[in-house]
Amino acid sequence: MAFISSGYNPDKPMENRISDIGPRKYDEFYPPVIAKNKGKWLYHEIIKPGILVHVAESGDEVYTVRVGGARLMSTGLVMEICDIADKHCDGYVRWTTRNNVEFMVDSKDKVDPLIQDLEGRKFSGGSFKFPVGGTGAGVTNIVHTQGWIHCHTPATDASGPVKATMDVLFDDFQQMRLPAQLRVSLACCLNMCGAVHCSDIAILGYHRKPPMLDHEYLDKMCEIPLAIAACPTAAIRPAKVEFKGQKVKSVAVKNERCMFCGNCYTMCPAMPLADKEGDGIVIMVGGKVSNRISPPKFSKVVVAFLPNNAPRWPETTDCIKHIVEAYAKGANKYERVGDWAERIGWERFFEVCELEFTHHLIDDFRDPAYYTWRQTTQFKF
Amino acid sequence: MPTVEFMGQNFTVDEDGFIDSFENWNEEWVQWVKKEEGIEELTDEHKKVIEVLQDYYRKNGIAPMVRVLSKVTGFKLKHIYELFPSGPGKGACKMAGLPKPTGCV
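So the sequence lines, in the order shown, correspond to chains A and B.
Quick note on the working numbering: the first sequence kicks off at 1 and runs consecutively.
Quick note on the working numbering: the second sequence kicks off at 382 and runs consecutively.
For the record, the hints were derived by calculation from the structure and aren't laboratory data.
Quick caveat: nothing in here was measured; it's all calculated off a predicted structure.
There may be inaccurate statements among the hints.
As the list claims (entries may be wrong) - Label pairs and their computed distance ranges (CB to CB):
(1) A:Pro32 / B:Lys429: 52 to 60 Å
(2) B:Gly468 / A:Ala229: 19 to 27 Å
(3) B:Arg439 / A:Lys38: 54 to 62 Å
(4) B:Lys429 / A:Ile362: 51 to 59 Å
(5) B:Leu423 / A:Met259: 22 to 30 Å
Glycine included, C-beta positions come from ideal geometry on N, C-alpha and C.
Same shape as in the complex, but just chain A (with noise of 0.2 Å):
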């Protein structure tokens, strides 16, 4: 398309420019039962797996439908969001902190009207574009990232296998059957944006590999110090390497030491590490971040390696399906996985599971490693 304007004038950068102003002030989009209520809530129900209801002081109520969002939209989609929201919300609506979408209506008769035109709406493909679900003991939105999508240091993609393990726990995003709400959360590098340090489930990008070394250009694109300083296990060293029968300045690395978690190819890019049969996934579980009966807690390294086998991810979402039905089986109410597991022991966790226990999963990582060991003559045989 041809070049127009927004009016910007390239040779005065800094002429009407305006910086600094921040996002719009969130009340500006509150809509009229919210405003008037806001801070005067008596309680709230939840009336069916998606649709919540919260009553005011008043008497007022508003009722939220909330329906999954693929996170990754076209702005055709956020454009027909915007038409039902106009159609049904007087124009508002809102997104969670999970990536989903919440309609909310101010009277009881508008909300079945609202459901049926939710989900009456599909791709052509045939999935739901807005299925509604996500609440109270269930399964709701997987906190993703990047991916192949457009990152440069993922091990796995995201949108993919969030896609193939939301098709496998659909029903439970669906419906409350679960002994507490079950939180699943995916990285495509241990950079581990998003949440998955500390999630019920986490899918985690892992490589298997040592990084490739540019010598050609390494002392060119990077500062060698900080590639050096970014290695957690000192794998890196500073060397001059013979390249073209010249003398140039670069790095080697200890293959050894490595553990590839690809730190020091975010600070230089002449050691990429990516690489399709070595990379794959890691399946972490047990974390939560709620102070609800137990403190949070990280989640831990139960399946060492999955393979990258796109576009479906067969093996995790097995996996993945596995943790959650012998869960759903084992756990008591209110018994988020972390709790569950930590009650009938981690060695109880993998039987039940039918997880392998390999060496990969112990710790091993400096001084703290210790504490995760056992240091006690109580276990299950």
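Use these hints to put chain B onto chain A, whose structure you have.
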């Protein structure tokens, strides 16, 4: 990588307009970046920032942290932004011929 020709010089640059190697930096490169970054006039203050960056890079192999740059030049961050509207990384380091900043930027 693409090349640009400017004032009789050829520079190889990446897609963000950073020079391929610190060794290929010269005065013409400064003029080219000045044009690219929309800086109206190069003052002694610009030159001082560039000098400090290059000195630090030669000595240490890394670009200085923003607080170090501020302390050594005596310019507050706000003033550095007035000199280089794109900031110390995208503006000043590019003009000084340092490698492109990396990490989660």
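Against the structure, the hints come out as follows:
1. A:Pro32 / B:Lys429: 52 to 60 Å: 57 Å, holds
2. B:Gly468 / A:Ala229: 19 to 27 Å: This hint holds: roughly 23 Å between Cβ atoms.
3. B:Arg439 / A:Lys38: 54 to 62 Å: At 58 Å between Cβs, range holds.
4. B:Lys429 / A:Ile362: 51 to 59 Å: 54 Å, holds
5. B:Leu423 / A:Met259: 22 to 30 Å: 47 Å, violated
Against the hints set out earlier in the document, a violation occurs for number 5 only.
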